[in-house]
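There are 2 protein chains.
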Amino acid sequence: MASLPRAIRDVVDSFERLPGIGPKSATRLAFYLLNTSESFCRELADSINNFKENIKICGECFSVAENELCEICMDKKRNKRQICVVEKAIDMIAIEKIGLYKGVYHVLGGVINPLEHIGPEDLRIFELLERIQKLNHKSQITNHKQILEEIEIILAISLTMEGEATALYIKNKLKGNTIKITRIGAGLPVGADLEYADEATLSRAMNGRKNM
Amino acid sequence: MASLPRAIRDVVDSFERLPGIGPKSATRLAFYLLNTSESFCRELADSINNFKENIKICGECFSVAENELCEICMDKKRNKRQICVVEKAIDMIAIEKIGLYKGVYHVLGGVINPLEHIGPEDLRIFELLERIQKLNHKSQITNHKQILEEIEIILAISLTMEGEATALYIKNKLKGNTIKITRIGAGLPVGADLEYADEATLSRAMNGRKNM
Numbered sequence: 000m001a002s003l004p005r006a007i008r009d010v011v012d013s014f015e016r017l018p019g020i021g022p023k024s025a026t027r028l029a030f031y032l033l034n035t036s037e038s039f040c041r042e043l044a045d046s047i048n049n050f051k052e053n054i055k056i057c058g059e060c061f062s063v064a065e066n067e068l069c070e071i072c073m074d075k076k077r078n079k080r081q082i083c084v085v086e087k088a089i090d091m092i093a094i095e096k097i098g099l100y101k102g103v104y105h106v107l108g109g110v111i112n113p114l115e116h117i118g119p120e121d122l123r124i125f126e127l128l129e130r131i132q133k134l135n136h137k138s139q140i141t142n143h144k145q146i147l148e149e150i151e152i153i154l155a156i157s158l159t160m161e162g163e164a165t166a167l168y169i170k171n172k173l174k175g176n177t178i179k180i181t182r183i184g185a186g187l188p189v190g191a192d193l194e195y196a197d198e199a200t201l202s203r204a205m206n207g208r209k210n211m
Numbered sequence: 000m001a002s003l004p005r006a007i008r009d010v011v012d013s014f015e016r017l018p019g020i021g022p023k024s025a026t027r028l029a030f031y032l033l034n035t036s037e038s039f040c041r042e043l044a045d046s047i048n049n050f051k052e053n054i055k056i057c058g059e060c061f062s063v064a065e066n067e068l069c070e071i072c073m074d075k076k077r078n079k080r081q082i083c084v085v086e087k088a089i090d091m092i093a094i095e096k097i098g099l100y101k102g103v104y105h106v107l108g109g110v111i112n113p114l115e116h117i118g119p120e121d122l123r124i125f126e127l128l129e130r131i132q133k134l135n136h137k138s139q140i141t142n143h144k145q146i147l148e149e150i151e152i153i154l155a156i157s158l159t160m161e162g163e164a165t166a167l168y169i170k171n172k173l174k175g176n177t178i179k180i181t182r183i184g185a186g187l188p189v190g191a192d193l194e195y196a197d198e199a200t201l202s203r204a205m206n207g208r209k210n211m
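So the protein lines, in turn, are chains A and B. The first sequence runs contiguously to residue 211 in numbering that gives the first Met the number 0. The second sequence runs contiguously to residue 211 in numbering that gives the first Met the number 0.
I should point out that these hints are in silico values taken from the structure, not numbers from a laboratory. It is possible that part of the hints are untrue.
Chain copies aren't distinguished; within one or between two, either way the pair holds.
To be verified - Calculated cross-link-like contacts (lysine-lysine; reagent style DSS-like; alpha-carbon spacing at most 30 Å):
{"#": "1", "residue 1": "LYS179", "residue 2": "LYS23"}
{"#": "2", "residue 1": "LYS174", "residue 2": "LYS51"}
{"#": "3", "residue 1": "LYS23", "residue 2": "LYS133"}
{"#": "4", "residue 1": "LYS101", "residue 2": "LYS23"}
{"#": "5", "residue 1": "LYS23", "residue 2": "LYS51"}
{"#": "6", "residue 1": "LYS137", "residue 2": "LYS209"}
{"#": "7", "residue 1": "LYS179", "residue 2": "LYS51"}
{"#": "8", "residue 1": "LYS179", "residue 2": "LYS101"}
{"#": "9", "residue 1": "LYS51", "residue 2": "LYS170"}
{"#": "10", "residue 1": "LYS23", "residue 2": "LYS55"}
{"#": "11", "residue 1": "LYS75", "residue 2": "LYS23"}
{"#": "12", "residue 1": "LYS23", "residue 2": "LYS137"}
{"#": "13", "residue 1": "LYS76", "residue 2": "LYS23"}
{"#": "14", "residue 1": "LYS55", "residue 2": "LYS209"}
{"#": "15", "residue 1": "LYS23", "residue 2": "LYS79"}
{"#": "16", "residue 1": "LYS172", "residue 2": "LYS51"}
{"#": "17", "residue 1": "LYS174", "residue 2": "LYS23"}
{"#": "18", "residue 1": "LYS209", "residue 2": "LYS51"}
{"#": "19", "residue 1": "LYS133", "residue 2": "LYS209"}
{"#": "20", "residue 1": "LYS209", "residue 2": "LYS75"}
{"#": "21", "residue 1": "LYS51", "residue 2": "LYS137"}
{"#": "22", "residue 1": "LYS23", "residue 2": "LYS172"}
{"#": "23", "residue 1": "LYS55", "residue 2": "LYS174"}
{"#": "24", "residue 1": "LYS96", "residue 2": "LYS51"}
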């Protein structure tokens with residue numbers, strides 16, 4: 000690789016630092032850019048250069064936003080009493096893509112992980128409890144006629160050990176509140192072969208069986 | 000995806016236009032950049048922005064270069080009488096990585112492809128013939144003592160139909176010159192299972208068999 004001009008090597012090195020891009024892909028991308036239009040290179044560079052300054056954190060759900068609140072939190076059609084708790088903003092995008100969920104989100108910013116020194120205080124759990132408290136307060140004011148529907152917290156956190164611990168921690172913190180707490184379904188992924196499923200997944204799938 | 004801030008969408012869109020990066024990878028990359036340091040984003044953007052201006056085409060082999068000639072053509076230890084003909088500069092990088100080849104290169108800039116209206120005149124075939132002519136001329140001047148070794152042209156062009164046609168075209172053009180013309184070996188790739196090899200590859204592998 001010593002024979003590559005420095006400018007190309009710089010691009011290759013930068014690309015290699017991105018997740019999922021190895022030396023071969025990085026080289027291919029650099030040569031692709033070399034053969035593509037000058038304007039596209041400039042577009043790509045500008046979009047990368049500017050976007051950090053233009054991105055805010057939503058004051059309500061802590062997802063990415065253009066203004067003080069994100070589009071979802073500003074959307075009046077969204078059910079504010081159904082909060083889907085996710086680890087990262089990108090998880091929210093994944094759920095949004097299905098197009099089924101009509102509630103709002105809460106981005107934790109990670110999971111409790113003692114090995115990496117991430118405790119509950121490093122996540123936005125306190126902010127979640129505060130949000131729920133506010134909703135509860137609103138209910139008490141207006142709910143003497145039982146108009147408002149129940150609050151639901153959907154814990155859409157990864158089904159890893161750390162994710163489970165975080166979900167359990169939040170569930171315990173919410174004890175005593177009259178809210179519905181749900182956890183996303185666990186089981187075999189669509190298209191998976193039962194033969195190759197691991198025991199943990201299979202036992203979850205058995206326990207999570209449903210009437211047909 | 001409508002709920003993504005515009006600045007992120009711009010980055011996702013740009014990444015998606017790169018080869019081998021789909022919508023999911025593009026989104027993951029954008030969110031990775033969002034969580035990474037400001038300085039890395041700037042580095043990446045700058046490297047992409049500047050490199051086109053800093054890249055020249057080697058006047059001898061038409062590969063990428065920092066100066067008038069590329070590092071390989073400037074290297075006095077390289078055998079200038081052994082020319083490896085490749086389609087693209089990135090193919091040269093692949094061969095350089097093996098670290099075995101001590102000759103020089105000639106980048107054609109593609110292959111003859113009538114369907115895409117690419118004829119011999121669109122490639123750097125004329126420039127190759129000219130290079131060989133010059134070498135031949137040099138030989139005639141100095142070679143009365145038979146000091147200089149033979150000229151070898153290695154056709155390291157893809158083993159596709161278009162690649163084969165291009166190799167054949169070049170071979171015909173070089174007829175009458177006393178030079179050695181070779182084609183890179185064809186056969187089973189290392190690690191491949193004979194059972195799954197296609198017929199064309201297998202017949203090439205049989206024909207290309209060697210004494211052990």
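Against the structure, the hints come out as follows:
1. In this homomeric assembly, LYS179 and LYS23 never come within 30 Å of each other (Cα to Cα): the closest approach is 49 Å inside a single copy and 32 Å across copies.
2. For the homomeric pair LYS174 and LYS51, neither the shortest alpha-carbon distance inside one copy (38 Å) nor that between copies (60 Å) is at most 30 Å.
3. Within a single copy, LYS23 and LYS133 get their C-alpha atoms no closer than 52 Å, and across copies no closer than 35 Å, so neither meets the 30 Å cut-off.
4. In this assembly of identical chains, LYS101 and LYS23 lie within 30 Å of each other by CA distance solely across copies; the values are 22 Å between and 42 Å within a copy.
5. For the homomeric pair LYS23 and LYS51, the shortest alpha-carbon distances inside one copy (28 Å) and between copies (20 Å) are both at most 30 Å.
6. In this homomeric assembly, LYS137 and LYS209 never come within 30 Å of each other (Cα to Cα): the closest approach is 35 Å inside a single copy and 84 Å across copies.
7. In the homo-oligomer, the alpha carbons of LYS179 and LYS51 never lie at most 30 Å apart, since the shortest distance is 37 Å inside one protomer and 57 Å across protomers.
8. In this homomeric assembly, LYS179 and LYS101 come within 30 Å of each other (Cα to Cα) only inside a single copy, at 16 Å, whereas the closest approach across copies is 71 Å.
9. For the identical chains of this complex, LYS51 and LYS170 are neighbours neither inside a copy (34 Å) nor across copies (54 Å), given an alpha-carbon limit of 30 Å.
10. Only between protomers do LYS23 and LYS55 lie at most 30 Å apart by alpha-carbon distance; the minimum there is 22 Å, versus 34 Å within a single protomer.
11. With identical chains, the CA atoms of LYS75 and LYS23 are at most 30 Å apart between copies only, with a shortest distance of 28 Å across copies and 47 Å within one.
12. Taking CA atoms no more than 30 Å apart as the test, LYS23 paired with LYS137 passes in neither setting, with 56 Å inside one copy and 39 Å between copies.
13. Taking the closest pair of Cα atoms, LYS76 and LYS23 come within 30 Å of each other only across two copies (27 Å); inside a single copy the shortest separation is 46 Å, beyond that limit.
14. Neither within a single protomer nor between protomers do LYS55 and LYS209 lie at most 30 Å apart by alpha-carbon distance, with minima of 41 Å and 65 Å respectively.
15. Proximity of LYS23 and LYS79 under a CA criterion of 30 Å is satisfied inter-copy only: 28 Å between copies versus 46 Å inside one chain copy.
16. With identical chains, the CA atoms of LYS172 and LYS51 are never at most 30 Å apart, being 34 Å at best within one copy and 56 Å at best between copies.
17. Taking CA atoms no more than 30 Å apart as the test, LYS174 paired with LYS23 passes in neither setting, with 52 Å inside one copy and 37 Å between copies.
18. When the C-alpha separation of LYS209 and LYS51 is checked against a cutoff of 30 Å, the pair qualifies neither within a copy, at 45 Å, nor between copies, at 59 Å.
19. For the identical chains of this complex, LYS133 and LYS209 are neighbours neither inside a copy (35 Å) nor across copies (80 Å), given an alpha-carbon limit of 30 Å.
20. Taking CA atoms no more than 30 Å apart as the test, LYS209 paired with LYS75 passes in neither setting, with 34 Å inside one copy and 74 Å between copies.
21. In this assembly of identical chains, LYS51 and LYS137 lie within 30 Å of each other by CA distance neither inside one copy nor across copies; the values are 35 Å within and 59 Å between.
22. In this assembly of identical chains, LYS23 and LYS172 lie within 30 Å of each other by CA distance neither inside one copy nor across copies; the values are 48 Å within and 34 Å between.
23. Taking the shortest alpha-carbon separations for LYS55 and LYS174, neither the intra-copy value of 32 Å nor the inter-copy value of 67 Å comes in at or below 30 Å.
24. In this assembly of identical chains, the alpha carbons of LYS96 and LYS51 lie at most 30 Å apart only when taken from the same copy (23 Å versus 36 Å across copies).
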